[in-house]
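Given these sequences and hints, build the entire structure.
Residue 1 is where the sequence shown starts when you use our numbering, and the numbers rise one by one after that.
No lab work stands behind these hints: they were computed from the structure.
Glycine included, every Cβ here is placed at the ideal spot set by N, Cα and C.
Relax, there's no trap hidden among the hints.
Here are the computed distance ranges between Cβ atoms for each label pair: (1) Thr29 with Arg58: 33 to 43 Å; (2) Ser10 with Leu43: 16 to 26 Å; (3) Ala68 with Arg30: 36 to 46 Å; (4) Ser34 with Lys74: 41 to 51 Å; (5) Gly56 with Glu5: 15 to 25 Å; (6) Asp66 with Gly36: 43 to 53 Å; (7) Val63 with Glu27: 27 to 37 Å; (8) Cys31 with Thr54: 26 to 36 Å; (9) Arg30 with Arg57: 28 to 38 Å; (10) Thr29 with Leu62: 40 to 50 Å; (11) Gly36 with Leu62: 37 to 47 Å.
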Amino acid sequence: KSTKEQSSCSLWHEMRYGRTTVFKIYEATRCRTSEGSLTEGILGAAKFETEASTRGRRLEPLVVNDVAKMKNVKILQSGLI
1 KSTKEQSSCS LWHEMRYGRT TVFKIYEATR CRTSEGSLTE GILGAAKFET EASTRGRRLE
61 PLVVNDVAKM KNVKILQSGL I
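Have a look at this one:
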């Protein structure tokens, strides 16, 4: 239920971009060729770059600091967000 229509969300696609997902691992276990779209999908991911993503990366540290102050919590970097 919580994953319904998630693929229509641009943030969902951005967060998954270039990541090895369980589905890709599943596909790899059933793959019978050494070349093709699965290989390209795993090894050939290009850097995602738009004006919005550049702005987001620039503003992220400021937003994280503001949220940490507002909520009185320490936020640790995870590499995903």
